[in-house]
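> Spelled out from the first residue to the last, the chains are:
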Amino acid sequence: MYRIRLHGRGGQGIKTASRILGTALFRSGFEVQDAPRYGAERRGAPIFAYVRADDKVICERGLIHQPNLVVVADETLFDLPAANVLEGLDGRAVLLINSERSAQDWCRQLQLPGQVTVLDGAAVVREAGRVPAGALCVGAAARLLGVVSRRALLQAVAEELAGHDAAAIQTSQQAVSQAYELFAGEAGLVQRLQSGAKKSVTTPPKWVELDCEALPRAAPTITMAATSALVKTGLWRTRRPRIDRALCSRCGLCRTLCPEGGIDLDGEGYPVIDYRYCKGCLLCAAQCPRRAIAVADERTVSPPQPKEGEP
Amino acid sequence: MSESGPSSHSHLAPGTPLCAGCGGLQALQQLYRVLGDKTVVVNAAGCMTLLSIYPFTPFAGSWLYTAMACAAAGAQGVRDALDIQLAKGRISSAEDLATVVLTGDGSAYGMGLSATSAALDRGLDFLYLCYDNEGYGNTGHQYSSATPRAAHTATSRVSGYAGSKKDLFAIWAAHRPSYVATAIAAEPQDLARKVKKAAALRGPRLLLVLAPCPTGWGFDPALTVKVGQLAVETGIWPLKEYVDGRAVHTKIPRQRTPLAEYLRLQGRFAHLFSPQPDEQRLAELQQAVEDYWQQVTE
Ligand SMILES: Cc1ncc(C[n+]2csc(CCOP(=O)(O)OP(=O)(O)O)c2C)c(N)n1
Ligand code: SF4
Ligand code: SF4
Ligand code: SF4
Ligand SMILES: [Mg+2]
Numbered sequence: 011m012y013r014i015r016l017h018g019r020g021g022q023g024i025k026t027a028s029r030i031l032g033t034a035l036f037r038s039g040f041e042v043q044d045a046p047r048y049g050a051e052r053r054g055a056p057i058f059a060y061v062r063a064d065d066k067v068i069c070e071r072g073l074i075h076q077p078n079l080v081v082v083a084d085e086t087l088f089d090l091p092a093a094n095v096l097e098g099l100d101g102r103a104v105l106l107i108n109s110e111r112s113a114q115d116w117c118r119q120l121q122l123p124g125q126v127t128v129l130d131g132a133a134v135v136r137e138a139g140r141v142p143a144g145a146l147c148v149g150a151a152a153r154l155l156g157v158v159s160r161r162a163l164l165q166a167v168a169e170e171l172a173g174h175d176a177a178a179i180q181t182s183q184q185a186v187s188q189a190y191e192l193f194a195g196e197a198g199l200v201q202r203l204q205s206g207a208k209k210s211v212t213t214p215p216k217w218v219e220l221d222c223e224a225l226p227r228a229a230p231t232i233t234m235a236a237t238s239a240l241v242k243t244g245l246w247r248t249r250r251p252r253i254d255r256a257l258c259s260r261c262g263l264c265r266t267l268c269p270e271g272g273i274d275l276d277g278e279g280y281p282v283i284d285y286r287y288c289k290g291c292l293l294c295a296a297q298c299p300r301r302a303i304a305v306a307d308e309r310t311v312s313p314p315q316p317k318e319g320e321p
Numbered sequence: 209m210s211e212s213g214p215s216s217h218s219h220l221a222p223g224t225p226l227c228a229g230c231g232g233l234q235a236l237q238q239l240y241r242v243l244g245d246k247t248v249v250v251n252a253a254g255c256m257t258l259l260s261i262y263p264f265t266p267f268a269g270s271w272l273y274t275a276m277a278c279a280a281a282g283a284q285g286v287r288d289a290l291d292i293q294l295a296k297g298r299i300s301s302a303e304d305l306a307t308v309v310l311t312g313d314g315s316a317y318g319m320g321l322s323a324t325s326a327a328l329d330r331g332l333d334f335l336y337l338c339y340d341n342e343g344y345g346n347t348g349h350q351y352s353s354a355t356p357r358a359a360h361t362a363t364s365r366v367s368g369y370a371g372s373k374k375d376l377f378a379i380w381a382a383h384r385p386s387y388v389a390t391a392i393a394a395e396p397q398d399l400a401r402k403v404k405k406a407a408a409l410r411g412p413r414l415l416l417v418l419a420p421c422p423t424g425w426g427f428d429p430a431l432t433v434k435v436g437q438l439a440v441e442t443g444i445w446p447l448k449e450y451v452d453g454r455a456v457h458t459k460i461p462r463q464r465t466p467l468a469e470y471l472r473l474q475g476r477f478a479h480l481f482s483p484q485p486d487e488q489r490l491a492e493l494q495q496a497v498e499d500y501w502q503q504v505t506e
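Protein chains in written order, with this note's numbering: chain A, 11 to 321; chain Z, 209 to 506.
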């Protein structure tokens with residue numbers, strides 16, 4: 011059986027990617043399951059989807075804990091322990107990363123027993139046009155499996171994108187096909203594992219006893235105010251708004267409009283963005299009447315982990 | 209801002225899991241600055257429920273979860289409990305809290321309407337905040353009875369929603385409540401004035417806020433405010449209030465921007481523009497806006 015997990019962020023087309031791969035495998039004669047994880051399909055938030063394929067009926071259900079292929083469409087996910095990207099990667103599994111960095115580089119950083127391979131999605135996009143990262147990765151993943159023909163793959167793209175305009179479908183097909191081509195040398199790298207249920211490797215949670223209220227009122231109660239400030243949503247950001255004080259007129263509009271409450275005013279009335287929380291929606295930059303907010307690529311301005319209290 | 213939370217109790221803390229550029233969260237930020245922490249927010253299932261996932265909450269005041277159909281009934285319980293505490297002298301009137309319902313359109317226009325109508329009959333003293341993202345956002349944007357005609361949703365994929373957006377403003381006004389207003393976060397001054405007005409009144413009050421939703425409507429999060437402004441300028445989202453038995457518009461866009469400019473920005477209407485513009489349906493949608501403003505006198 012093939013057990014494939016796809017990781018990315020909401021908005022990168024991970025759900026569609028899993029459907030394309032599922033349909034392509036189905037068209038290639040496999041029994042298939044594909045599903046996104048329900049609940050957190052929010053733009054920018056970590057999301058994963060999974061695909062199982064086998065030549066007989068699949069009786070396995072639920073999350074994939076022991077994948078033979080893990081696809082990571084967004085390399086910043088490695089910094090997020092909650093994304094659980096590396097779960098269950100053993101010596102036989104293949105890890106495919108969408109990244110401009112080399113596979114050797116990643117091997118050194120991650121110190122994994124299995125095989126790491128890299129798709130330079132940015133380069134494909136430069137040639138073929140803008141296509142969601144998820145779809146690009148599917149092109150590469152299909153080739154790594156070695157059992158999906160280009161024809162089946164492109165048909166799956168058309169089928170899953172039905173309803174989009176013809177030009178968008180064509181661009182996607184071109185990009186997916188290019189990614190597929192790039193991996194010709196690694197076709198079939200992913201080994202099929204024995205089907206049949208494996209022993210579950212889920213570790214039982216470490217229970218923590220919490221003080222609770224008397225039974226009649228024992229619903230979980232948060233008694234501390236505004237605890238969400240402990241969650242640093244700044245990690246979602248891929249682009250960073252930057253205020254140029256020389257241009258700013260201190261009108262305060264950006265502060266009023268920021269959905270996150272992530273902009274405060276300093277002693278002189280200038281707005282200050284709290285990068286611990288700014289999700290990078292960039293509506294402040296779009297609305298500033300003085301065009302005082304510029305936009306930079308997050309990777310060029312900071313290490314992935316924002317520092318505490320960073321201006 | 210310290211690790212233990214903000215020093216001020218009059219705004220919503222950051223760190224919520226809602227989408228970047230969420231127009232509903234944007235409105236709630238502005239509303240909470242006026243309402244503050246002396247509130248009990250009764251929240252029916254929807255995107256905003258994700259604000260308070262144990263042990264995290266952005267609220268400085270209280271928050272309570274209810275099922276989709278029963279936020280207004282939950283508010284009745286909260287109001288009654290506070291009134292009993294007041295009557296028994298267990299809390300002073302200075303410690304009293306305002307009862308605020310927070311739901312999406314799925315609840316407000318549909319599943320929760322019956323309980324809301326009953327609360328209106330009883331003259332319940334509460335403020336209802338509906339953030340209207342025109343669909344069941346939290347479950348993947350299926351259509352609701354607030355979905356506009358022709359919009360693509362997860363359950364109206366082929367040629368868009370065949371129904372028309374329900375007029376919740378009129379339904380509320382027909383109950384003769386203390387206050388009803390429409391608003392949008394892209395017009396912060398209009399919104400702030402209406403919240404202040406609503407907060408100062410007693411009895412049933414509704415603030416119905418259009419909430420541009422980048423995820424469900426299909427546009428770049430940087431455009432949330434632009435889409436909101438166009439909703440007002442094209443006249444498809446009229447800003448108005450009902451008070452003392454009269455409905456009055458707070459902004460009348462005399463020179464209305466063509467509706468197509470609003471629709472074109474959103475993926476959910478893309479099928480109206482490509483492969484070819486669907487002139488007939490676009491004209492019908494524009495006509496519905498014209499018909500609305502035709503009957504507006506004040
Ligand atoms: C009775 C009931 N049916 C279905 C659901 C599943 N559900 C949870 S949130 C939601 C969508 C609610 O839509 P809306 O009120 O518009 O809020 P939004 O998600 O758009 O913020 C649904 C259908 C539920 N919780 N209860
Ligand atoms: S909107 Fe622009 S000009 Fe106004 S305070 Fe913000 S940065 Fe300054
Ligand atoms: S990009 Fe601007 S508006 Fe968006 S979260 Fe960051 S500071 Fe707020
Ligand atoms: S789906 Fe829409 S309403 Fe819900 S959190 Fe995302 S942007 Fe906001
Ligand atoms: Mg909704």
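Fair warning: there could be bad hints in the mix.
List time: in silico SDA-like cross-link candidates among lysine to any residue, alpha-carbon distance up to 25 Å [what the hints assert, rightly or not]:
#1 Z:Lys-459 with Z:Arg-241
#2 A:Lys-242 with Z:Tyr-262
#3 Z:Lys-373 with Z:Tyr-262
#4 Z:Lys-404 with A:Pro-215
#5 Z:Lys-434 with A:Arg-118
#6 Z:Lys-459 with A:Asp-89
#7 Z:Lys-373 with Z:Thr-465
#8 A:Lys-242 with Z:Arg-298
#9 Z:Lys-434 with A:Ile-253
#10 Z:Lys-374 with Z:Arg-298
#11 Z:Lys-246 with A:Ala-306
#12 Z:Lys-459 with Z:Thr-363
#13 Z:Lys-434 with A:Pro-142
#14 Z:Lys-246 with A:Arg-136
#15 Z:Lys-434 with A:Thr-233
#16 A:Lys-242 with Z:Ser-372
#17 Z:Lys-373 with Z:Arg-241
#18 Z:Lys-373 with Z:Ser-260
#19 Z:Lys-404 with A:Lys-66
#20 A:Lys-66 with A:Leu-90
#21 Z:Lys-373 with Z:Leu-321
#22 Z:Lys-434 with A:Asp-64
#23 Z:Lys-405 with Z:Arg-241
#24 Z:Lys-459 with A:Ala-235
#25 A:Lys-242 with A:Tyr-280
#26 Z:Lys-374 with Z:Ile-261
#27 Z:Lys-246 with A:Ala-235
#28 Z:Lys-374 with Z:Arg-241
The hints are simulated quantities; they were obtained by calculation from the structure and are not laboratory data.
> Now look at each hint and say whether the structure bears it out.
Hint by hint, here is what the structure shows:
At roughly 23 Å between alpha-carbon atoms, Z:Lys-459 and Z:Arg-241 fall within 25 Å of each other, so this suggested pair holds. For the given pair, A:Lys-242 sits about 16 Å from Z:Tyr-262 by alpha-carbon distance, which is consistent with the 25 Å threshold. For the given pair, Z:Lys-373 sits about 35 Å from Z:Tyr-262 by alpha-carbon distance, which is inconsistent with the 25 Å threshold. The suggested pairing of Z:Lys-404 with A:Pro-215 is violated, with an alpha-carbon distance near 47 Å, which exceeds 25 Å.
About 45 Å separates the Cα atoms of Z:Lys-434 and A:Arg-118, which puts this hinted pair outside 25 Å; it is violated. This hinted pair does not check out: Z:Lys-459 and A:Asp-89 have alpha carbons roughly 48 Å apart, beyond 25 Å. Proximity of Z:Lys-373 to Z:Thr-465 is assessed by CA-CA distance (about 20 Å); at most 25 Å being required, the pair is judged to hold. For the hint pairing A:Lys-242 with Z:Arg-298, the CA-to-CA distance comes to about 39 Å; that exceeds 25 Å, so the pair is violated.
Between the alpha carbons of Z:Lys-434 and A:Ile-253 the distance comes to roughly 20 Å, so the proposed pair stays at or under 25 Å and holds. With a C-alpha separation of about 43 Å, the suggested pair Z:Lys-374 and Z:Arg-298 falls outside the 25 Å cut-off, and the hint is violated. For the hint pairing Z:Lys-246 with A:Ala-306, the CA-to-CA distance comes to about 40 Å; that exceeds 25 Å, so the pair is violated. At roughly 34 Å between alpha-carbon atoms, Z:Lys-459 and Z:Thr-363 are farther apart than 25 Å, so this suggested pair is violated.
At roughly 24 Å between alpha-carbon atoms, Z:Lys-434 and A:Pro-142 fall within 25 Å of each other, so this suggested pair holds. Our distance criterion of 25 Å between C-alpha atoms is broken by Z:Lys-246 and A:Arg-136, whose separation comes to about 53 Å. Among the hinted pairs, Z:Lys-434 with A:Thr-233 is inconsistent with the structure: their alpha-carbon atoms are about 38 Å apart, more than 25 Å. The suggested pairing of A:Lys-242 with Z:Ser-372 is violated, with an alpha-carbon distance near 40 Å, which exceeds 25 Å.
Straight-line distance between C-alpha atoms of Z:Lys-373 and Z:Arg-241 comes to about 30 Å, which puts the hinted pair past the 25 Å bound. Only pairs whose Cα atoms come within 25 Å are accepted, and Z:Lys-373 paired with Z:Ser-260 is rejected, the gap being roughly 29 Å. For the hint linking Z:Lys-404 to A:Lys-66, the alpha-carbon distance of about 64 Å lies beyond 25 Å, and the restraint is violated. In summary, the hint linking A:Lys-66 to A:Leu-90 is not supported, as the alpha carbons are separated by about 36 Å, beyond the 25 Å threshold.
Between Z:Lys-373 and Z:Leu-321 the alpha-carbon distance is near 15 Å, which keeps this suggested pair within the 25 Å criterion. Simply put, Z:Lys-434 and A:Asp-64 have alpha-carbon atoms about 48 Å apart, too far for the 25 Å limit, and the pair is violated. Of the supplied pair hints, the one linking Z:Lys-405 and Z:Arg-241 holds, its CA atoms being roughly 14 Å apart against a limit of 25 Å. Between Z:Lys-459 and A:Ala-235 the CA atoms are separated by roughly 37 Å; this puts the pair beyond 25 Å, and the hint is violated.
Simply put, A:Lys-242 and A:Tyr-280 have alpha-carbon atoms about 23 Å apart, close enough for the 25 Å limit, and the pair holds. Simply put, Z:Lys-374 and Z:Ile-261 have alpha-carbon atoms about 31 Å apart, too far for the 25 Å limit, and the pair is violated. Our distance criterion of 25 Å between C-alpha atoms is met by Z:Lys-246 and A:Ala-235, whose separation comes to about 12 Å. Restraint check for Z:Lys-374 and Z:Arg-241: the C-alpha separation of about 29 Å exceeds 25 Å, so the hint is violated.
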